[in-house]
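Protein chains: 2
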Amino acid sequence: MRTFKITVGYDGTDFAGWQIQPRQTTIQGMLERALVKLTGERVPVTGSGRTDSGVHALAQVASFQTPNWRASAAELGRAMNVHLPATIVVLHCADAPDNFHAIRDAIGKRYRYQLQLGGIRSVFDFRYRWRVKGVTHLEAIEEACGRFVGTKDFASFQGAGSPRRTTIRTIKACEFIRELPSDMPLGLHGERISIEIESDGFLYNMVRNIVGTLVEIGKGKQSPTWVDEVFVAKDRDAAGPTAPPQGLFLKRVDYPDSCGVSF
Amino acid sequence: MRTFKITVGYDGTDFAGWQIQPRQTTIQGMLERALVKLTGERVPVTGSGRTDSGVHALAQVASFQTPNWRASAAELGRAMNVHLPATIVVLHCADAPDNFHAIRDAIGKRYRYQLQLGGIRSVFDFRYRWRVKGVTHLEAIEEACGRFVGTKDFASFQGAGSPRRTTIRTIKACEFIRELPSDMPLGLHGERISIEIESDGFLYNMVRNIVGTLVEIGKGKQSPTWVDEVFVAKDRDAAGPTAPPQGLFLKRVDYPDSCGVSF
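Protein chains in written order, with this note's numbering: chain A, 1 to 263; chain B, 1001 to 1263.
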């Protein structure tokens, strides 16, 4: 038996999310379909976490085990790519220690959320960005971002349906990024910003709920200090709405050096 | 009768090009379908030029005439966008002089061609970039670009099927652009470069044939001075192969001030 770690990129637009589901096209399903062709057996693939329909990955990580591959791990990665659609790619494939497990061993993740502030819809960005109107208080968003950093109870930012043992998480970074203007005449598609959040773990919809909360602040409906009130409430209804999926990218998954895997 | 000038962006991936064709989904066809719904009549739309299947536009220009629109031009643009798919957008709609004609009046265009040099395929760029292997002589490409500038006979760079009265054109700019690296770990998707070409007019497939020629030079198969030999040959077979459509973007169309239109 060999254990592999793969790093996978995908455009989530046309998939029903990561997780295998009957009669749905999913990322996990496509990866397992490629592995059946290459190994002759069903090989369950474990992702570092699920992503929802429409959510993208710059570098998702997954692990699996099979005795039926004799060539190098790099060759397995290339062979998988032959059997994957253009919207899924294995970026890296490496042998991993027998006990490596993509969910259990993950110690941190970074997500990126992309927004377009007002302007006309873009034919190139609509799959990758949330277009919101009326967001003009950018300094307020930047200030509010700082209020998410630290070890806190994120109960107010947990989506329904996937409760966890504890809702306490440590956010290491919550960065506000003004992106370069697009190639278009200035202002046509509005300003482009991103929020990047790094944490030791994320609750269900946590990034999208944080972004929805930041957008309320950016619209001037709430001040940055409102974030502190939302934390205290420990109530999902206290926070802003859930931002839509297409702006969200899983950017990185981190493992400890002791796992013997790196990317 | 009112004459309108529209500026249109589109992702050409899923269209059979600009021009209306029976039983095919085209950009012109979708624009005319929107205008039928809004004006109650068939309104022929004239583009500044056709683009092939898979070719994109940051700002294509088109003109049309209709007596059946009473509100402002800006409102017509917004109304058209309601009836267009997410991959086509009217960026600007303006009243134009009665005699304005998007093909006849155009005095110049700028195209952009995007490449990825080697590396793994990207799930986000495959629709918008030509991935080529073995291109390492970037200074040679840059030097060769300069040899296209000026008033020359581009017969060797004219694709078959759409012969023009004269093959002499004036290229005002042929720019080699090193793009910013992507967000991914360095080198994974290779370097990203673009070629931007501005001319008073383009022959069929001219940009794609110039880019295919530049790629031969970038691979070290030919030196930059080869460009001069290709010009002298006045023979399509003397130049490099035609670059694929997905890297090509129509970036801008220029009209003289005397047309009374601007964007």
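Incorrect hints may have been included.
Unchecked claim - Restraint-style ranges between C-beta atoms, simulated for each label pair:
#: 1; chain 1: B; residue 1: GLY1220; chain 2: A; residue 2: SER72; range: 27 to 37 Å
#: 2; chain 1: A; residue 1: GLY150; chain 2: B; residue 2: VAL1082; range: 40 to 50 Å
#: 3; chain 1: B; residue 1: ILE1177; chain 2: A; residue 2: SER53; range: 30 to 40 Å
#: 4; chain 1: A; residue 1: GLY108; chain 2: B; residue 2: THR1170; range: 52 to 62 Å
#: 5; chain 1: A; residue 1: GLY118; chain 2: B; residue 2: LYS1133; range: 35 to 45 Å
#: 6; chain 1: A; residue 1: GLY108; chain 2: B; residue 2: ASP1257; range: 54 to 64 Å
It should be emphasised that the hints constitute simulated quantities derived from the structure, not laboratory data. Glycine residues also receive a C-beta, built at the ideal position from the N, C-alpha and C atoms.
Is it true that GLY1220(B) and SER72(A) lie within 27 to 37 Å of each other by Cβ? 29 Å, holds
Would you say the C-beta atoms of ILE1177(B) and SER53(A) sit inside 30 to 40 Å of each other? 36 Å, holds
Tell me if the beta carbons of GLY118(A) and LYS1133(B) are separated by a distance inside 35 to 45 Å. Since GLY118(A) and LYS1133(B) have Cβ atoms about 41 Å apart, the given range 35 to 45 Å holds.
GLY108(A) and THR1170(B), beta-carbon distance inside 52 to 62 Å? 56 Å, holds
Starting from the hint 40 to 50 Å, judge whether the C-beta atoms of GLY150(A) and VAL1082(B) obey it. Between GLY150(A) and VAL1082(B), where Cβ atoms are some 45 Å apart, the hint holds.
Has the hinted range 54 to 64 Å been met by the Cβ atoms of GLY108(A) and ASP1257(B)? Distance hint for GLY108(A), ASP1257(B) holds at roughly 57 Å.
Hint compliance for this structure: every hint is met.
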